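Could you build all of it, start to finish, from the sequences and the hints given here?
Each chain is listed here by its residues.
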Amino acid sequence: MRLKHTTVISWSSLYFEIMLLDQSIHQISTLLRQKNLSSVELVTEAYQTIKEINPQINAFITLVEQNLALKQARNVDQNRVKFTSPLAGIPYLLKDSYVTQSLRTTAASAVLQNFIPPYSATVYHRLEDSGAILIGKMNMDAWGHGGSTENTDFKPTKNPYELSRVAGGSSGGPAAALACRLAAFAIGEDTGGSIRNPAAWTNTTGLKVTYGRVSRYGCIAYASSFDTVGPMAKTAADCALVLKAIAGQDPYDATSAVQPVPDYYQKLTQSLKGKTIGIPTDLYGDGLDEPIKTAILKQKKVFQALGLKLVELKMPLLRYGLAVYYLIGLSETSSNLARYDGLRFGQDRHFFTTETMRRIMIGTYALSAGYYDAYYRQAQKGRTLLIREYDQAFTHCDVLLMPVNPISPPKFGELIADPLTNIMADIYTVTQNPVGLPSLAVPCGFTPNQLPIGLQLVGQLFAEDLLLAIGHQYQQVTTWHLQKPQLL
Amino acid sequence: MKTYLPIIGLEIHVELRTKSKMFCGCPADHFGKEPNTQTCPVCLGLPGALPVPNQQAIIWTLMIGQAFNATLNLESKFDRKHYFYPDLPKGYQISQYDEPLCSGGVVTLPEGVISLTRIHLEEDTGKLQHTTLNGQPVSLVDFNRSGVPLVEIVSEPQIHSAATAKTYAQTIRQIIHFLGVSDCDMEKGSMRLEANISLMSINPGSKPQTDPGFIRLPQYKVEVKNINSFRFLEKAINAEIQRQTAILDRGQLPRQETRGFTEVTGTTKSQRSKEAAKDYRYFPEPDIPPLKFTPSQFKTLIPQLPLMPQAYLDLFIKTYDLRPDYAQTLTASPKLAAKSLAAFILAQKQGLDPAALANLMINQKAITVKLSPSALVNLLQSKIKTSQPQSKTTTLMPLVREVLKQNPDLVTKYHQGKVSVIGALIGAVKKLSPSPVDPQTVQQLLTQALAQK
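These protein sequence lines are chains F and L, in that order. The letter at position 30 of the first sequence is residue 30 when you use our numbering, and the numbering goes up by one with no holes. The letter at position 9 of the second sequence is residue 1009 when you use our numbering, and the numbering goes up by one with no holes.
These are calculated hints, taken from the structure and not from any lab test. Treat the hints with care, as some may be off.
[Stated by the list, open to error] Quick list of in silico lysine-lysine cross-link-like pairs, BS3-like style, CA-CA up to 30 Å:
1. L:LYS1292 <-> F:LYS381
2. F:LYS381 <-> L:LYS1019
3. L:LYS1081 <-> F:LYS381
Bear in mind that the values here come from a model prediction, so they are computed numbers and not experimental data.
Here is the structure:
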């Protein structure tokens, strides 16, 4: 039986038994601090739910030994005063792209099937310092190569809303797990939509941060100039608490930003009056599924009610985003994966999947003598055009409202069997990474088949506080994010 | 018979003696350390590790640039150079491709001025050890050297003889040694040489046109690696000139290739041909933001250059009146040069002749080598005091007689009218005397003694 806890929760008028991990981080943290709840109880519930649910969705690659997690929970319970962070004692998940000392890290590839890192990622250290408790390393598309978590050597993760469908990707494992409340939050990694895409398809909230906002040290690289480390959770408010803990400059990452880290949680309630949302109308045309388009555009009224102004604009150059993203991203990945030769650690390159081999080949080709100018250099010029296109758009508005996915989560095999359609599915999420912009994906509806729909709010560099504030205030007046899969 | 003009360019690699490696905190001093004891996730290229550039290494590279009068670039960046080799853990080397820290520059040699193409900064690789383990031949990798900062100095193809190439390399070594940024020890591998060599046909009778602006380079070039000393550099180039001359004389064109120098045979051997040339797939290193400087940053970042060998030479010869060969000897190392200069300044203050001090330092090296500048000056002073009584006839005359006895043929020549042999006799007395002597006094005594005979 699942461990239950009785509490009155703010969003419900009913007095009934609920899962602890269905509550917000702020609520859980308050209960823990008031000693109405122990971290041991919380962690115990997480492991029980995992035991029950995970076999159905396959979200985990490596589950941390329960005894180890409980030991940490006891430590936090006994030394409450030492931990000031709201994340203290709270169980969380890492996408398996983050190295963890003495704990197997695979990036979902058979190449690293038995790789035990001798060191830990900065994001892990920061969360450890906060007292958060790691309980699992999560499934993903190997090396981040994909948008469905089918390109994994550890069996695909299933969408909790319909088990015959994909959970999205590449951070599909953490997204599916959060949808099922297997932990309070997760750290995803977004190179071209890898946080936002699975968040939208699993009815969870995910933030792709500004490039450099969170240290990449210890994050297994896909495309180094696009990779970002960001929070995934049930709500924007939860993401705000997590981001505060993980953001900031890191002496181990030369690309980490010096900008001070604001208190994102306090800024959630900032006034949105006078802020403008831009709607690039050319993104709502062909190729976007009708139910998704309708669901997103319906939200205009909600945003207006929050005091936001709306303006329509055009961003025609974004159509080059896919070419720019795939040429640069795959060039970088061909380089980043060169070290996996099986000589010093891991298995040799025969263990790469077909999709990964395809990406390495394309990237190698784009960087080769005689082709560099036509592909890599041209793509870098395209990147500059994307930067200008966004700069131009932000002269008219503060944030941009865009779809996350053009389609609902497909059935297994539908996308991966067709590499080109697979690439096209990334169209709305690949233009932000080359520019470095932050983007928040939040739930905004369901298709007639009861499949989740998400929207994304794209902001200017380091405008995470505004994105989270809009997301939070939106979630104060909507209930999409409260829906859970029937699996629970 | 055709004649050929050798066209030679050199690439010199120098390991910087920074405290830590180029992109991580591991110690950079790797020589003789137990294998794989100075490594971390970064220099082992483990998944997730990121490079953070060493500021000291960048500043020292700029210093080298300044010492060679190179242009310090306001914008620079690192690039990835891809190739597979077991000692290269990431599958790429972080180097600089089209935006090096320094461009241009000159090296002034007695033979003339050689222009530099560029000076850039990169990371060193690990080291392979081919050995036997349990009776099996194996190749082991030591990653202690992986990621040590390495500066590459590339010359224009303006060198036209093996001898000049040697002088050029020695000059580079001396200047970098004086900057104090590298040990430049060829035996330890902290300085490595590579030569690009080709031959240009010259029409008989015409004057060789060596102005770089007018030279049309040959259609091929041969890169020679594995040169471990200045002597071998000279040998390798001469061997290559001989080999290429023979090919050209047959009316053929030497292959564009990389060759290795073999010490035992003194010849070069083909390693890799042009067809097998590598495509390094350079692209900007995304893990390191581009470097941007302002001229004022250069001023504050780069420490004032210490005196360079040429400046010491000028001072020693022009200001302190040293013999040029003695001046050379005393600028052999930055330490000796600095000590000599300090001693000369001190000597002059006390009314002593710096040139005399230099003579003392060189002729009695065994005694003087460990002395401080002030101790050197004291020694010179005491020598002059003790040598004073010797200038008297009583102490010097026995020496003069001895010299005449030892050199009967010179004495005969003198009496035959060759008065100039007196110089040789003075020298002999000087040699015999345990302390400095006044040449004029000796000459008087010699003339006296010779007249008596």
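- Message: Next pair to validate is LYS1292 of chain L with LYS381 of chain F; report whether the Cα-Cα distance is within 30 Å.
- Response: Between LYS1292 of chain L and LYS381 of chain F the Cα gap is close to 20 Å, so the pair holds against 30 Å.
- Message: Holds or violated: LYS381 of chain F and LYS1019 of chain L, Cα atoms, limit 30 Å.
- Response: Roughly 39 Å separates the two Cα atoms, so the pair is violated.
- Task: Could you grab the alpha-carbon distance between LYS1081 of chain L and LYS381 of chain F and see if it respects the 30 Å cut-off?
- Result: At roughly 21 Å apart (the allowed maximum being 30 Å), LYS381 of chain F and LYS1081 of chain L satisfy the hint.
Checked against the numbered hints given earlier, the structure breaks only hint 2 and satisfies all the rest.
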